[in-house]
Amino acid sequence: MTAYLSDKDLYWPFISIGRFYNAQGLYEQAEPWREQCVIVTQNRFGLEHPTVAQSRNNLALLYTSQGKYTKAEPLYLQVLQMWQRLMGNENVEVALVLNNLAELYRLQGRYDKAEPLYLQALKIRQRLLGYEHPNIVQSLNNLALLYCSQGRYIEAEPIYLQALEMRQRLLGYEHPLVATSLNNLALLYYSQGRYDKAEPLYLQALEMRQRLLGQQHPDVATSLNNLAVLYCSQERYPKAESLLLQALEMRQYFLGVDHPEVATSFNNLASLYDSQGRYGKAELLYQQALDICQLRLGASHPNTITTRKSLANLRDRLNSQQ
1 MTAYLSDKDL
11 YWPFISIGRF
21 YNAQGLYEQA
31 EPWREQCVIV
41 TQNRFGLEHP
51 TVAQSRNNLA
61 LLYTSQGKYT
71 KAEPLYLQVL
81 QMWQRLMGNE
91 NVEVALVLNN
101 LAELYRLQGR
111 YDKAEPLYLQ
121 ALKIRQRLLG
131 YEHPNIVQSL
141 NNLALLYCSQ
151 GRYIEAEPIY
161 LQALEMRQRL
171 LGYEHPLVAT
181 SLNNLALLYY
191 SQGRYDKAEP
201 LYLQALEMRQ
211 RLLGQQHPDV
221 ATSLNNLAVL
231 YCSQERYPKA
241 ESLLLQALEM
251 RQYFLGVDHP
261 EVATSFNNLA
271 SLYDSQGRYG
281 KAELLYQQAL
291 DICQLRLGAS
301 HPNTITTRKS
311 LANLRDRLNS
321 QQ
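Numbering (my numbering), first residue to last: 1 to 322.
Heads up, some of the hints might be wrong.
Straight-line C-alpha distance at most 27 Å; calculated DSS-like pairs for lysine-lysine [unchecked claim]:
| # | residue 1 | residue 2 |
| --- | --- | --- |
| 1 | Lys281 | Lys239 |
| 2 | Lys197 | Lys239 |
| 3 | Lys113 | Lys123 |
| 4 | Lys113 | Lys309 |
| 5 | Lys68 | Lys113 |
| 6 | Lys68 | Lys239 |
| 7 | Lys309 | Lys281 |
| 8 | Lys8 | Lys68 |
Simulated from the structure, these hints should not be mistaken for lab results.
Generate the whole structure from the sequences, applying the supplied hints.
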């Protein structure tokens, strides 16, 4: 019935239904609505229109969540060029796409390409929105994520703390993005070996996500996975295994069997079994993780390299025992 919708209303049925599914982590159900939104808006408005740019950006965001990085990148680049032509370089929409493209590059391990885009997006947002705005917090959080991925923990910590404080002030203490900040800060402390500071933050983030998002959600799976990795480091293996299995099942359900986060779950479960001397199970899971990483991330991605080394080390140890 799109023929009966006015130009200003055409976008909203598609984007609203897509958001309904996306917010629950039901990405496969959201995908056809976001793809249709691009087609319908292009047919109505042509290729050079702000609504078409928004539709493409939303589809690229969904592809990123699904781990379909090669499909997301050209869309982001198209949207960035379109906004620059339509609105100029100093625009909040340009900053949004720069941030999204940078996040894609971070997930791909292309850190050298991500950082200048994050910084460019942050500067544009600060000039146009001021320093007290949720979009500023998003930029700060993502920049700190990048620094953590690079092992630049000293630079990341004050940015995470600033982002957490701003989100609590702007959004309130009971908000999913506050839980994200708590989780990210906990991950930083875990990476530094500060387990006593990491665990309560992980638990707080998990409890908040379960309460606000429900027991079954991709963000809940992330919290379960991260808490389990902490328990593995503390040799609390029974608790860790239970959480890892829950996270794996949830990720396979919401994200599909070949998503990069499923590979992360396989790798973490393999590491647990490796530590317990359950080498047959570990080898199988490392191989499954490696297959997904090579397929979805490429041979040179940090996750692929790490998994390949873990599998090789395990096989070297097994061969030496024969």
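Against the structure, test the hints numbered earlier, and report the numbers of the ones violated in rising order.
6 and 8
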